[in-house]
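2 protein chains.
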Amino acid sequence: MEPDFTKGLLTTVVVDATTEDVLMVAWMNEASYRLTKQTGETWFWSRSRQELWHKGATSGNTQVVKEMWLDCDQDTLLVKVDPAGPACHTGARSCFFNQVQGKED
Amino acid sequence: MEPDFTKGLLTTVVVDATTEDVLMVAWMNEASYRLTKQTGETWFWSRSRQELWHKGATSGNTQVVKEMWLDCDQDTLLVKVDPAGPACHTGARSCFFNQVQGKED
Numbered sequence: 001m002e003p004d005f006t007k008g009l010l011t012t013v014v015v016d017a018t019t020e021d022v023l024m025v026a027w028m029n030e031a032s033y034r035l036t037k038q039t040g041e042t043w044f045w046s047r048s049r050q051e052l053w054h055k056g057a058t059s060g061n062t063q064v065v066k067e068m069w070l071d072c073d074q075d076t077l078l079v080k081v082d083p084a085g086p087a088c089h090t091g092a093r094s095c096f097f098n099q100v101q102g103k104e105d
Numbered sequence: 001m002e003p004d005f006t007k008g009l010l011t012t013v014v015v016d017a018t019t020e021d022v023l024m025v026a027w028m029n030e031a032s033y034r035l036t037k038q039t040g041e042t043w044f045w046s047r048s049r050q051e052l053w054h055k056g057a058t059s060g061n062t063q064v065v066k067e068m069w070l071d072c073d074q075d076t077l078l079v080k081v082d083p084a085g086p087a088c089h090t091g092a093r094s095c096f097f098n099q100v101q102g103k104e105d
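Protein sequence lines, in the order shown, are assigned to chains A and B. Just so we're aligned, residue 1 is where the first sequence starts under full-length UniProt numbering, counting upward by one. Just so we're aligned, residue 1 is where the second sequence starts under full-length UniProt numbering, counting upward by one.
Extracted from the complex, chain A is given alone in its bound form (with noise of 0.2 Å):
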């Protein structure tokens, strides 16, 4: 099974393979896709930089890819990975660190 890149790009949720926390969001494109498998780290691609992204290359914060898995429709990839440190550019080692209020009155 492999993605479908007819969709656009591959929205991916990276988890952390030990914790299972979810640490971080980014997307993929083909070339990513195939960096990440060929490599064993994740790579992504930076819709903001336009550019390929090698999950770090310069903080030295890379993961390693322990497991992948698409989703039914094939446009949603979950990568479970070992981090070597922080996934968030802040520091946090999740970026999901802002607590929302739940049901409103």
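Hints were generated in silico from the structure; no laboratory data involved. Here the structure is a predicted model, which is why all the values come from computation and not from measurement. One thing to keep in mind: the hints can contain errors.
Said to hold, decoys possible - Residues on chain A that point at chain B, a partial pick, calculated with CB under 7 Å:
1. M1
2. D4
3. T11
4. E20
5. V22
6. V25
7. Q50
8. L52
9. W69
10. L70
11. C72
12. L78
13. C88
14. T90
15. F96
16. Q99
Don't be surprised by glycine CBs; every beta carbon is placed ideally from N, CA and C.
Since the structure of chain A is provided, determine the placement of chain B on it from the hints.
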């Protein structure tokens, strides 16, 4: 902290609050985000049908929101839910049931 809807639809990762399994990825517009907060159940924006979508309205497989977390740049939401049934339209508990082969030779 609130989502930044000027960036477009809010990518939403839905996780099982008990098992931490990633169940599905969907999109919210501002109306569906408000409905999610107001009702305590997940509402999305269906990109294919271009309409508000109360998850489980027809299937009964609603998702009760336990926690919501925004990412560092406020354009991705992590929602932890108690699911009343399968998240996937195929009947699978999670949409991520297709394992991708790992590192290529």
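- Message: Check the structure against each numbered hint from earlier and tell me which ones fail, lowest number first.
- Response: The structure breaks hints 2, 7 and 8; every other hint is satisfied.
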